[in-house]
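Visitor: The task is simple: from the sequences and hints, build the whole structure.
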Amino acid sequence: MTKTDVKKPITEQLALPHIKYRKFKQTIFFALFRFAALINGTALAIILFFLLKNGYKAINWTFLTQPPIDSMTKGGILPCIVGTLYLSLGAIAISLPIGIASAIYLNEYAGSGRVLRIIRLGINNLAGVPSVVFGLFGLAFFVIYLKMGVSILAGALTLGLLSLPVIIGATEEALKTVPETYREASLGLGATKLQTIFRVVLPCAMPGILTGAILGISRAAGETAPIMFTAAVFFTPDLPSSIFDEIMALPYHIYVLSTAGTEIEATRPLQYGTSLVLIVLVFGMNLAAILLRARLRKRMHI
Amino acid sequence: MDADLKMSVKQLNFFYDKFKALENISLDFYAGHVTALIGPSGCGKSTFLRCLNRMNDLIPKSRVEGKILLDNEDIYDCAVNVATLRSRIGMVFQKPNPFPKTIFENVAYGLRVNGIKDKTLIADRVTESLNQAALWDEVKDRIYDSALELSGGQQQRLCIARALAIKPEVILMDEPASALDPIATQKIEELIHQLKKMFTIIIVTHNMQQAARVSDITAFFYMGKLIETDKTDTLFTRPKLKQTEDYITGRFG
Ligand SMILES: Nc1ncnc2c1ncn2[C@@H]1O[C@H](COP(=O)(O)OP(=O)(O)O)[C@@H](O)[C@H]1O
Ligand SMILES: [Mg+2]
Numbered sequence: 001m002t003k004t005d006v007k008k009p010i011t012e013q014l015a016l017p018h019i020k021y022r023k024f025k026q027t028i029f030f031a032l033f034r035f036a037a038l039i040n041g042t043a044l045a046i047i048l049f050f051l052l053k054n055g056y057k058a059i060n061w062t063f064l065t066q067p068p069i070d071s072m073t074k075g076g077i078l079p080c081i082v083g084t085l086y087l088s089l090g091a092i093a094i095s096l097p098i099g100i101a102s103a104i105y106l107n108e109y110a111g112s113g114r115v116l117r118i119i120r121l122g123i124n125n126l127a128g129v130p131s132v133v134f135g136l137f138g139l140a141f142f143v144i145y146l147k148m149g150v151s152i153l154a155g156a157l158t159l160g161l162l163s164l165p166v167i168i169g170a171t172e173e174a175l176k177t178v179p180e181t182y183r184e185a186s187l188g189l190g191a192t193k194l195q196t197i198f199r200v201v202l203p204c205a206m207p208g209i210l211t212g213a214i215l216g217i218s219r220a221a222g223e224t225a226p227i228m229f230t231a232a233v234f235f236t237p238d239l240p241s242s243i244f245d246e247i248m249a250l251p252y253h254i255y256v257l258s259t260a261g262t263e264i265e266a267t268r269p270l271q272y273g274t275s276l277v278l279i280v281l282v283f284g285m286n287l288a289a290i291l292l293r294a295r296l297r298k299r300m301h302i
Numbered sequence: 001m002d003a004d005l006k007m008s009v010k011q012l013n014f015f016y017d018k019f020k021a022l023e024n025i026s027l028d029f030y031a032g033h034v035t036a037l038i039g040p041s042g043c044g045k046s047t048f049l050r051c052l053n054r055m056n057d058l059i060p061k062s063r064v065e066g067k068i069l070l071d072n073e074d075i076y077d078c079a080v081n082v083a084t085l086r087s088r089i090g091m092v093f094q095k096p097n098p099f100p101k102t103i104f105e106n107v108a109y110g111l112r113v114n115g116i117k118d119k120t121l122i123a124d125r126v127t128e129s130l131n132q133a134a135l136w137d138e139v140k141d142r143i144y145d146s147a148l149e150l151s152g153g154q155q156q157r158l159c160i161a162r163a164l165a166i167k168p169e170v171i172l173m174d175e176p177a178s179a180l181d182p183i184a185t186q187k188i189e190e191l192i193h194q195l196k197k198m199f200t201i202i203i204v205t206h207n208m209q210q211a212a213r214v215s216d217i218t219a220f221f222y223m224g225k226l227i228e229t230d231k232t233d234t235l236f237t238r239p240k241l242k243q244t245e246d247y248i249t250g251r252f253g
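Chain order of the listed sequences is X and E. Per our numbering, the very first residue in the first sequence carries number 1; after that it's consecutive. Per our numbering, the very first residue in the second sequence carries number 1; after that it's consecutive.
Everything labelled a hint here was simulated from the structure, so no lab data went into it. Some hints here could point you the wrong way.
Here are a few chain E residues that sit away from chain X, every Cβ distance over 12 Å (derived from the structure) [claimed, not checked]: (1) F19; (2) N24; (3) D28; (4) G32; (5) R50; (6) K196; (7) N207; (8) K225.
Cross-link-like lysine-lysine pairs, in silico, DSS-like; alpha carbons within 30 Å at most [said to hold, decoys possible]: (9) K18(E) x K176(X); (10) K119(E) x K193(X); (11) K61(E) x K193(X); (12) K231(E) x K193(X); (13) K298(X) x K61(E); (14) K176(X) x K95(E); (15) K167(E) x K193(X); (16) K193(X) x K240(E); (17) K196(E) x K101(E); (18) K61(E) x K176(X); (19) K298(X) x K140(E); (20) K18(E) x K298(X); (21) K140(E) x K117(E).
To spell it out: a stretch of chain X is covered by chain E in this simulated footprint if at least three of its residues, at any positions, have a beta carbon under 8 Å from a beta carbon of chain E; those stretches are [unchecked claim]: (22) 174 to 182; (23) 185 to 199.
Think of the CB as a built atom: it goes at the ideal place given N, C-alpha and C, for glycine as much as any other residue.
Guide: Structure (structure tokens):
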């Protein structure tokens with residue numbers, strides 16, 4: 001650029017057609033972005049509409065409060081709802097403490113050595129393992145080797161393991177958003193590192209951690225493969241009485257009804273109804289996560 | 001100097017990995033006095049200040065050589081408990097950094113982490129510290145509100161109150177007013193005047209008028225070295241070295 005170019009105001013240097021072209025380009029791209037977002041929303045709307053249209057007839061009080069009867073062609077899905085809730089709660093109880101502890105180690109204590117890189121690599125790869133492999137691992141390790149049998153415990157452990165990378169990731173992200181100045185202020189007042197983590201860092205990060213955790217679990221709650229070898233059975237009318245009992249679960253019930261039931265066509269409404277219940281359950285968890293985060297944020301004075 | 005020697009730095013070198021940020025610094029601090037550290041940006045003032053309460057321990061690959069004595073005991077001695085040390089040497093940072101907690105909890109924090117549980121003692125100490133930091137009248141009706149709702153100047157005085165609550169012996173301040181407007185700055189300076197009766201205060205500032213107003217002793221740093229130190233009025237009126245004179249008259253820096 002020559003000296004005279006620099007002195008001219010930038011708007012004069014740009015020819016009018018150029019500006020028009022840029023505006024045109026901007027319009028096109030905004031339209032594309034909007035379209036992409038729209039596809040997303042539409043997909044959700046279609047799924048919901050489809051499930052509602054086909055499933056709402058199946059939903060009634062009996063359906064929600066009774067076990068299946070007549071070779072699962074009639075009756076309700078109560079054992080499946082209870083089973084999925086137990087599995088999700090169990091998975092969260094297992095993966096939340098381990099996940100948070102791992103993330104604290106990685107983010108607050110560990111330096112940047114070779115061991116750390118290997119651990120991180122491990123976690124990233126864990127996230128990429130297909131869920132059916134988790135199922136087989138659960139079968140081999142928890143069910144058979146540790147002799148837990150097909151049980152809530154084995155299923156919850158498997159699901160917990162599956163959601164561990166998500167929880168570690170969410171927790172690390174949340175820990176990173178806590179300003180370094182908070183840590184310095186705390187240490188500067190004579191707090192130990194552990195006190196700093198428990199009294200300042202974790203409370204600040206908690207909204208993010210819990211949201212991430214619940215999202216991870218709600219994802220896991222819908223999985224079929226990890227539980228079909230470890231926890232879920234075809235049919236059991238009784239509600240579980242201990243963590244060593246086998247159970248029914250929503251995703252597995254859907255799978256069974258639509259592939260191996262005695263009358264696949266006749267049970268279509270039940271399949272859609274069960275799917276609807278599963279989706280509502282998952283949405284419910286997500287909503288709970290959002291509400292919890294809002295409440296914690298308010299209480300934390302952020 | 002006829003005052004009590006509180007801290008004494010002897011031949012201090014500090015390294016960020018291979019970079020030598022401080023070179024052979026020896027400097028004494030006296031109880032009941034304010035010592036100002038001045039010098040151009042990047043000369044190592046903050047680094048030096050953070051050596052005094054071992055805040056630099058947090059920086060990976062950093063290294064300290066030499067001695068820093070607090071009441072004649074080396075703070076880098078391996079028998080020293082760093083948390084205890086830091087509760088004896090308070091710190092106020094450049095940017096106000098209150099915790100996202102209530103005003104009360106901010107001030108009570110240092111007491112709680114140092115094991116004080118007595119509720120009335122904590123409440124009394126909070127009130128006392130907020131008073132000392134000249135903040136009580138402004139916040140007494142809302143000490144259970146979030147500290148983040150305070151103005152920048154109030155937040156900084158809250159951070160001072162937070163440091164005062166655990167009754168430290170020394171208070172380190174790293175450009176405590178640099179993020180504040182002139183009125184808030186004036187309040188902080190008045191506060192320093194009040195506090196120096198009770199504490200040994202060491203303040204970093206890049207503002208020479210401020211150093212002249214608040215301090216008794218001034219130390220001039222340049223490129224990681226301590227160039228000159230003297231009583232503040234002597235240093236500003238009759239500096240011994242040309243380098244110091246050039247800096248305080250604004251000919252460089
Ligand atoms: N964490 C760090 N790692 C490496 N170098 C640093 C770090 N902090 C400061 N430095 C360097 O040390 C020198 C002194 O910095 P600092 O103490 O912050 O100066 P001042 O507070 O006087 O402006 C500067 O050259 C700076 O770039
Ligand atoms: Mg600095």
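Visitor: Decide, hint by hint, whether the structure agrees.
Guide: Outcome of the hint check:
No beta-carbon of chain X comes within 12 Å of the beta-carbon of F19(E); the shortest separation is about 18 Å. At the 12 Å boundary, the C-beta of N24(E) stays outside the reach of chain X, the nearest C-beta of that chain being 27 Å off. At the 12 Å boundary, the C-beta of D28(E) stays outside the reach of chain X, the nearest C-beta of that chain being 23 Å off. For G32(E), the requirement that its beta carbon stay farther than 12 Å from each beta carbon of chain X is met, with the minimum near 22 Å.
At roughly 9 Å from the closest C-beta of chain X, the C-beta of R50(E) falls inside 12 Å, breaking its exclusion from the interface. Remark: the non-interface label on K196(E) is consistent with the geometry, its nearest Cβ contact in chain X lying 20 Å away (cut-off 12 Å). The beta carbon of N207(E) sits about 22 Å from the closest Cβ of chain X, which is more than 12 Å, so the claim that it is off the interface holds. No beta-carbon of chain X comes within 12 Å of the beta-carbon of K225(E); the shortest separation is about 26 Å.
Of the pairs offered as hints, the one joining K18(E) and K176(X) holds, with about 27 Å between alpha carbons and a cut-off of 30 Å not exceeded. Simply put, K119(E) and K193(X) have alpha-carbon atoms about 24 Å apart, close enough for the 30 Å limit, and the pair holds. Among the hinted pairs, K61(E) with K193(X) is consistent with the structure: their alpha-carbon atoms are about 19 Å apart, no more than 30 Å. The suggested pairing of K231(E) with K193(X) is violated, with an alpha-carbon distance near 39 Å, which exceeds 30 Å.
Taken as a hint, the K298(X) and K61(E) pair is broken in the structure, with Cα atoms around 39 Å apart against an allowance of 30 Å. This hinted pair checks out: K176(X) and K95(E) have alpha carbons roughly 19 Å apart, not beyond 30 Å. This hinted pair checks out: K167(E) and K193(X) have alpha carbons roughly 21 Å apart, not beyond 30 Å. Between K193(X) and K240(E), the direct Cα distance comes to roughly 45 Å. Violation of the 30 Å bound is thereby established for this hinted pair.
Distance check on the hinted pair: K196(E) and K101(E) sit about 28 Å apart at the alpha-carbon level, within 30 Å; holds. Under the criterion of a C-alpha separation no larger than 30 Å, the hint pairing K61(E) with K176(X) is consistent with the structure, at around 21 Å. The hinted pair formed by K298(X) and K140(E) meets the criterion: a straight-line CA distance of about 22 Å does not exceed 30 Å. Distance check on the hinted pair: K18(E) and K298(X) sit about 45 Å apart at the alpha-carbon level, beyond 30 Å; violated.
The suggested pairing of K140(E) with K117(E) holds, with an alpha-carbon distance near 22 Å, which does not exceed 30 Å. Counting residues of the segment 174 to 182 of chain X whose beta carbon lies closer than 8 Å to any beta carbon of chain E gives 3, which reaches the threshold of three, so the coverage claim holds. Here the segment 185 to 199 of chain X counts 10 residues with a CB under 8 Å from a CB of chain E, which clears the bar of 3, and the coverage holds.
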